[in-house]
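Protein sequence lines correspond, in order, to chains A and B.
Take 1 as the starting number for the first sequence in UniProt numbering and just add one per residue.
Take 1 as the starting number for the second sequence in UniProt numbering and just add one per residue.
In case anyone wonders, no lab produced these hints; they're calculated from the structure.
C-beta atoms are modelled at their ideal positions from N, C-alpha and C, and glycine is treated no differently.
Honestly, I wouldn't trust all of these hints.
[Stated by the list, open to error] Okay, the calculated bits of chain A under chain B, using three or more residues with CB under 8 Å as the criterion: (1) 42-52; (2) 69-77.
[Stated by the list, open to error] So, partial list: chain B residues that the calculated Cβ filter (under 8 Å) puts toward chain A: (3) 44; (4) 98; (5) 99; (6) 171; (7) 174; (8) 178; (9) 189; (10) 192.
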Amino acid sequence: MTIEVKNLVKKFGSFAALDGVDLKVDNGELLALLGPSGSGKTTLLRIIAGLDWPDSGEVSFNGEDALAQGARERHVGFVFQHYALFRHMTVFENVAFGLRVQPRAVRKDEAAIRARVKELLDLVQLDWLADRYPSQLSGGQRQRIALARALAIEPRILLLDEPFGALDAKVRKELRRWLRSLHHEINVTSIFVTHDQEEALEVANRVVVMDKGRIEQIGSPDDVYETPASAFVHGFIGESIELPVQVEGGVIRLGDRPLRLAADGLAPGASKLFVRRHDMLVGPPGSGAFEGAVQHVRNFGPVQRAEVALSGGETIEIDAPRDKELRAGDTIGLNPRRYRIFAG
Amino acid sequence: MSALAARRRTLPGFGLTMGLTLSWLSIIILIPLAGLFLKSLELSPEQFWNILSSRRTLNALRVSFGLAFAAASVNLVMGSIIVWALVRYRFPGRRLFDAIVDVPFALPTAVAGVALTALFAEKGWLGAPLAALGIKVAFTPVGIFVAMIFIGIPFVVRTVQPVLQDLDPEIEEAAGSLGASRWQTIIRVILPSLAPALLTGLALAFARAVGEYGSVIFIAGNLPNVSEIAPLLIVIRLSEFRYADATAIAVVMLVVSFVIIFAVNRLQRWARSRIPAR
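All chains should be modelled from the sequences, with the hints used to inform the complete structure.
Given below as structure tokens:
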């Protein structure tokens, strides 16, 4: 199933949750909608599911107009952040729900329903919980049951709204990997919403970065990390050092100090310089584009994170390998291995 | 060790509050009820039986319990619909309607009785058009039924309202996206989730209607065997100084009410066990 979204606009009062969104999702993709809260990602997902309606724009599945159908007809599996399991039903009945409410003409008989539920519980590896109630399960188990329930109706599309948002860090990591392998197995076109960049980059084939109701960038996890399309994307994904600089006459200045960095092809004016923390190489004083004094140092596994006060007054954080110990009070030179400059 | 553990409860004051609870419940509820039973023991079993099996007593009990149950059932249905509208929709005057629900709580029941009687009397605003249709409300059992609905409605609304408010709209969206029709969602998802609260509301509205006196006697007409409620018969017996007769009827009301409330309670517990606490 391919999904196509054209020029979608949705306003809540004067707040534009979606401000002209275009998106194409290929068959069998596992797509992540990534953005901060209020970026419109959940609204977009809910409109695709038929749980919300846009003010204008188009949504089509395989070329046919989806907005002409309600949530019930769209045949879309939806997984909620807080599971939304039916508390008064056992796990088994929760999963069977979508099969039991089918119109009589197409409804499976009891034996077929049982077989299908069993199959789904096996798929999410929770067949031993069939007779429990949702309140007796852990968060991770509940979310897997919610997923099994959504898959029961053999959805054309699977939509997941912050599926791991309510879980603790360890379970979240396990489920991420599990979701990816599950998608590999069932191969249904899937979109999940997350504000967690690590989750998006680890699980998805393609990542859609959103901000303020607009799509900032669409690309593979590598694309959005290595070649961010905008200042927002660079700042949002990965840990970045952001410095306000001035470009004029082929020279980049930080404050009144020219930096020894190439300014080819840059538009003159106020700009932002972005460097990944681990791309700042430490050298002796005077060797790099920046100079600074180490304020203090913390060790994180393979790296040491140092807070450095630049000679211009700005304070930045860098991640340096631990082969050369930094100490508070050291004066060091810093040279960005890679950097990007965005106007504005 | 265990003595130390007992002294270091996280919630101190168990002894004090438990003692107060037991004494208070004894003074306020248990001792008066025991007195009632003792008083009825003055009657021989045969006398007791004769009082109860008299036509007038049986009819009074039938009127009280039958109409109370009918009124509670109507309140259950209408109360649920009112709760649904108050919780799920935003409309002008919603807060006002919400407040109006409490009026039967607050209004002195005699005032309610007088007002209902005036309204439903043959020349009243509602009584006149109904009389034209051949329906007589005031001074008939129908009037008792109306009064019992009036005083019972807040019990259903106020017990179900908070539970519906807590019910996550996401579960309805989930049911919808799984292909359930609106009707299937209500029957299979919403009503079962509300079942314990609905049963509680039913039990409370019923108990209130059985015990109602003030509003009913004004509108009922109080015709023996037709529109005479059991509490009124008790009062009549008391005014005739037939105290044992009065207590016998009271004991029966007490026992029947207790059995019904107990049954509803079990039903409620059963419904709740299917929805374990979160």
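Each hint, compared with the structure:
Using a Cβ-Cβ cut-off of 8 Å, 3 residues of the region 42-52 of chain A lie near chain B, which meets the minimum of three, so the contact claim holds. Remark: the region 69-77 of chain A is confirmed as covered by chain B, as 7 of its residues place a Cβ nearer than 8 Å to a Cβ of that chain, reaching the required three. Restraint check, residue 44 of chain B versus chain A: the minimum CB separation of about 51 Å is more than 8 Å; hint violated. Contact between residue 98 of chain B and chain A, as hinted, is not supported at the beta carbon level, the nearest pair being about 25 Å apart and thus beyond 8 Å.
This hint is violated: residue 99 of chain B has a C-beta 28 Å from the nearest C-beta of chain A, more than the 8 Å allowed. Residue-level restraint check for residue 171 of chain B holds (minimum Cβ-Cβ distance to chain A is 5 Å; threshold 8 Å). Evaluation of the residue 174 of chain B hint against chain A yields a held restraint, the C-beta minimum of about 4 Å falling below 8 Å. Proximity of residue 178 of chain B to chain A holds as hinted, the smallest CB-CB distance being about 4 Å (cut-off 8 Å).
Residue-level restraint check for residue 189 of chain B holds (minimum Cβ-Cβ distance to chain A is 6 Å; threshold 8 Å). Because the closest C-beta pair between residue 192 of chain B and chain A is about 5 Å apart, less than 8 Å, the hint holds.
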